[in-house]
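Using the sequences provided together with the hints, build the complete structure.
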Amino acid sequence: MTRPAPLLPDWLVAPGQRESSPHVYPAGDRRVRPIDTAVIHWTASPHKAGSRLGADARRIRSWLRGERGETSTHFTVLRDGQVIQGAPLSARCWHSGGSRTADGQGFVNMRSIGIDFENVGPLTREAGGYVNAYGGHHTGPVWLSDDGRAWEPYTAPQMHAFLTIAASLVDAFPVLQDPAAWVGHEHIRLTKQDPGPAMPWPWLLAVVSGGASPMDVTDWSAVPGVAVPAEGVA
1 MTRPAPLLPD WLVAPGQRES SPHVYPAGDR RVRPIDTAVI HWTASPHKAG
51 SRLGADARRI RSWLRGERGE TSTHFTVLRD GQVIQGAPLS ARCWHSGGSR
101 TADGQGFVNM RSIGIDFENV GPLTREAGGY VNAYGGHHTG PVWLSDDGRA
151 WEPYTAPQMH AFLTIAASLV DAFPVLQDPA AWVGHEHIRL TKQDPGPAMP
201 WPWLLAVVSG GASPMDVTDW SAVPGVAVPA EGVA
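For the sequence shown, the residue numbers in our numbering are 1 to 234.
Rather than coming from a laboratory, the hints here were simulated on the basis of the structure.
Hints are supplied without guarantee of correctness; some may be wrong.
To be verified - Have a look at the derived ranges for each label pair, beta carbon to beta carbon:
{"hint": "1", "residue 1": "GLY211", "residue 2": "ARG65", "range": "24 to 32 Å"}
{"hint": "2", "residue 1": "ARG68", "residue 2": "THR139", "range": "20 to 28 Å"}
{"hint": "3", "residue 1": "PRO15", "residue 2": "GLU126", "range": "36 to 44 Å"}
{"hint": "4", "residue 1": "PRO202", "residue 2": "ALA14", "range": "25 to 33 Å"}
{"hint": "5", "residue 1": "ALA127", "residue 2": "GLU67", "range": "17 to 25 Å"}
{"hint": "6", "residue 1": "ALA222", "residue 2": "SER20", "range": "34 to 42 Å"}
{"hint": "7", "residue 1": "GLY211", "residue 2": "GLU67", "range": "39 to 47 Å"}
{"hint": "8", "residue 1": "THR139", "residue 2": "PRO202", "range": "25 to 33 Å"}
Just so we're clear, the structure is a prediction, and the values are computed from it rather than from any experiment.
We put the beta carbon where it would ideally sit given N, CA and C, even for glycine.
Below you can see the structure in the form of C-alpha cells.
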C-alpha cells in the first residue's frame with residue numbers, strides 16, 4: 001500500500017505577518033511544478049529614515065498585495081527582522097521570469113520558492129554621502145565590497161530571521177537541503193545583481209545542508225556584508 005505524501009504547511013508565519021498576493025499560480029494550476037529551487041532577491045526598496053533599522057513594512061505589504069506591480073514572492077525579510085509571507089507554499093510566485101537555472105532549465109517561477117531581502121542594493125558615492133538607484137540620499141549603513149563598490153549591507157536581525165526561514169523550508173522541501181538548490185537572482189539571469197556580494201552564502205549553505213544552526217552565529221559583526229545595529233538604534 002502506498003503511503004500518502006505528508007501534508008506541507010502552507011504558511012510559516014503567524015496570520016498577522018501574511019499578505020496574500022494576487023499575482024501567483026495557485027495550487028492546482030497546471031503550471032505548478034514540484035519545488036526544486038529557492039531564489040534569493042532584494043526588494044530594491046530604499047532605507048526608510050526614522051524607522052527601526054530602516055524597515056518600511058507598509059511599502060512591502062503594499063507590494064505583496066500587488067499594488068506596486070505584477071510581481072510577487074513567498075517571503076520578504078525586512079531590515080528589522082520581520083518576515084512577511086506573500087503566498088502559501090503550495091502556490092508559485094512571479095519573481096524570476098525569464099530566468100534559467102545552471103542546468104539550462106527555464107520555468108523557474110513554476111518550481112521555486114522566492115525570498116526577498118528588504119535592501120536597496122548598490123549605492124553611489126556623491127558629495128555629502130551615498131545615493132541609491134532612485135537618486136535619493138541613503139540614510140542607512142554602507143558596506144564596501146572587495147572591489148571598492150558600495151552596497152547596503154544586510155542586517156543581523158535579517159540574517160537570523162532568514163536562516164530560520166531557510167531551515168524551515170528545508171524541512172518542508174527536503175530537496176532544498178542540497179546547497180545547489182539555493183541561488184541568487186543574479187545566478188539565473190544575467191541582467192540582475194541581487195542579492196549581491198553582501199550575501200553571506202557560506203552561512204546559508206551550512207544551515208541548509210545541516211552543518212550549522214541559525215543560532216550558531218552569535219557575532220554577525222565578524223561576517224562581511226552584515227551590519228550589526230547598536231543597541232537602541234531606531
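When you take the CB atoms of GLY211 and GLU67, is the distance between them in 39 to 47 Å? holds, 40 Å
Is the gap between the beta carbons of THR139 and PRO202 within 25 to 33 Å? Once the Cβ atoms are compared, 29 Å apart, the range 25 to 33 Å for PRO202 and THR139 holds.
Starting from the range 20 to 28 Å, see whether the pair ARG68 and THR139 falls in it by beta-carbon distance. With Cβ atoms ~21 Å apart, the hint holds.
Q | Satisfaction of the hinted span 24 to 32 Å by the C-beta atoms belonging to GLY211 and ARG65 | A | For GLY211 and ARG65 the Cβ distance comes to about 37 Å; the hint is violated.
| Cβ-Cβ distance between ALA222 and SER20: within 34 to 42 Å? | holds, 39 Å
Check your understanding: Is it true that the C-beta distance of PRO202 to ALA14 lies inside 25 to 33 Å, as the hint says?
Key -> holds, 30 Å
### Task
Mind checking the hinted window 36 to 44 Å against the Cβ distance between PRO15 and GLU126?
holds, 43 Å
ALA127 and GLU67, beta-carbon distance inside 17 to 25 Å? Because 35 Å falls outside the window, the suggested range is violated.
Checked against the numbered hints listed earlier, the structure breaks hints 1, 5; every other hint is satisfied.
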